[in-house]
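*Asks:* Sequence:
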Amino acid sequence: VRDVAVGDTVAWAGVMGSYAEKAVVPADRVVPVPQDVPAEVAAAAMLQGMTAHYLTHSTYEVKENDQVLVHAGAGGMGQLLIQLAKLRGAKVYTTVSTSEKEKLAREAGADQVLRYDDFAEALRGTIDVVYDGVGAATFDGGLEALRPRGLMALYGAASGPVPPMDPQTLNKQGSLFLTRPTLVHYIADRAELLRRASDLFGWIASGQLAINISHRYPLADARRAHEDLAARRTTGKLLLIP
Numbered sequence: 001v002r003d004v005a006v007g008d009t010v011a012w013a014g015v016m017g018s019y020a021e022k023a024v025v026p027a028d029r030v031v032p033v034p035q036d037v038p039a040e041v042a043a044a045a046m047l048q049g050m051t052a053h054y055l056t057h058s059t060y061e062v063k064e065n066d067q068v069l070v071h072a073g074a075g076g077m078g079q080l081l082i083q084l085a086k087l088r089g090a091k092v093y094t095t096v097s098t099s100e101k102e103k104l105a106r107e108a109g110a111d112q113v114l115r116y117d118d119f120a121e122a123l124r125g126t127i128d129v130v131y132d133g134v135g136a137a138t139f140d141g142g143l144e145a146l147r148p149r150g151l152m153a154l155y156g157a158a159s160g161p162v163p164p165m166d167p168q169t170l171n172k173q174g175s176l177f178l179t180r181p182t183l184v185h186y187i188a189d190r191a192e193l194l195r196r197a198s199d200l201f202g203w204i205a206s207g208q209l210a211i212n213i214s215h216r217y218p219l220a221d222a223r224r225a226h227e228d229l230a231a232r233r234t235t236g237k238l239l240l241i242p
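The numbering used here applies: residue 1 is where the sequence shown begins, and numbers increase by one.
It is possible that some hints are incorrect.
What the hints assert, rightly or not - Each pair of labels, with its calculated beta carbon distance range:
hint : residue 1 : residue 2 : range
1    : 17        : 182       : 38 to 44 Å
2    : 111       : 36        : 28 to 34 Å
3    : 173       : 194       : 18 to 24 Å
4    : 111       : 227       : 44 to 50 Å
5    : 21        : 182       : 25 to 31 Å
6    : 100       : 7         : 41 to 47 Å
7    : 214       : 173       : 32 to 38 Å
8    : 3         : 241       : 25 to 31 Å
9    : 28        : 174       : 23 to 29 Å
10   : 19        : 170       : 27 to 33 Å
11   : 182       : 19        : 16 to 22 Å
Note that these hints are calculated values from the structure, not bench results.
Values in this document were obtained by computation on a predicted structure and should not be read as measured data.
The C-beta atom is built at its ideal place from N, Cα and C for all residues, glycine as well.
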């Protein structure tokens, strides 16, 4: 590794043991942080930003005029997915649970904001790709929203895991595609890691991508951060400060 040196500000994602004041990270897993990107922003953006990048650029390469559904549009991942899909020219629909969260999703660029109880009926058969980090509560409705040969990218399960399903369901609902991707397989080699990080930090530095850090917690209060997440008391990105 020749692109980082002692004293550089670096960031990483997907390395265990990061709830700490100091961490030992393999050199080939860190990326240099540009001077015009604050360290806190880099820390907040790295995992979710890289995930949003591969979902919109590789798992399903969003194109101009695509119809995209992003679940949980007020969350950290949701806001990033909305912004990146809009950068690629898509029309973006999203789901939220409250009026306050609807405002955040619209500020991120969502074209239409729906509630979880009516999105499937409103969008049935029209969506090119669904980005679902909610899981059990939204999965069936997401399949209903897809057009024939549409793709469901199930990247998380905040509401619980999706129960086992018969693959024939995908056939009956229009030869649908279903994938369960994870970041590690999209940054497996250093060149790909650096490319995604360079894109991400470039968008942040240029103002094309906003990172909403809604809550900061002392590292000692990590448990409270997780409790707030589980209770759905948060929006945007949470940051632990050593």
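*Asks:* How does the Cβ-Cβ distance of residue 3 and residue 241 compare with 25 to 31 Å: does it lie in that range?
*Replies:* 27 Å, holds
*Asks:* Confirm or reject the claim that residue 214 and residue 173 have a C-beta distance inside 32 to 38 Å.
*Replies:* Once the Cβ atoms are compared, 36 Å apart, the range 32 to 38 Å for residue 173 and residue 214 holds.
*Asks:* Could you check the hint for me, namely that residue 173 and residue 194 are 18 to 24 Å apart, CB to CB?
*Replies:* About 39 Å separates the Cβ atoms of residue 173 and residue 194, which means 18 to 24 Å is violated.
*Asks:* Take a look at whether the Cβ-Cβ distance between residue 111 and residue 227 falls inside 44 to 50 Å.
*Replies:* 33 Å, violated
*Asks:* A range of 27 to 33 Å was offered for this pair. Does it hold for the Cβ distance of residue 19 and residue 170?
*Replies:* 38 Å, violated
*Asks:* Using the Cβ atoms, figure out if residue 182 sits within 16 to 22 Å of residue 19.
*Replies:* 20 Å, holds
*Asks:* Honestly, do residue 100 and residue 7 meet the 41 to 47 Å range at C-beta?
*Replies:* Cβ of residue 100 to Cβ of residue 7: about 42 Å, so the range 41 to 47 Å holds.
*Asks:* Does the beta carbon distance between residue 28 and residue 174 stay inside 23 to 29 Å, or does it fall outside?
*Replies:* Check failed, 42 Å falls outside 23 to 29 Å.
*Asks:* Given the hint of 28 to 34 Å, is the C-beta distance from residue 111 to residue 36 inside that range or not?
*Replies:* 30 Å, holds
*Asks:* Has the hinted range 38 to 44 Å been met by the Cβ atoms of residue 17 and residue 182?
*Replies:* 18 Å, violated
*Asks:* Does the beta carbon distance between residue 21 and residue 182 stay inside 25 to 31 Å, or does it fall outside?
*Replies:* The hinted range 25 to 31 Å holds for residue 21 and residue 182, with Cβ atoms some 27 Å apart.
Hints 1, 3, 4, 9, 10 from the list above are not met by this structure, while the remaining hints are.
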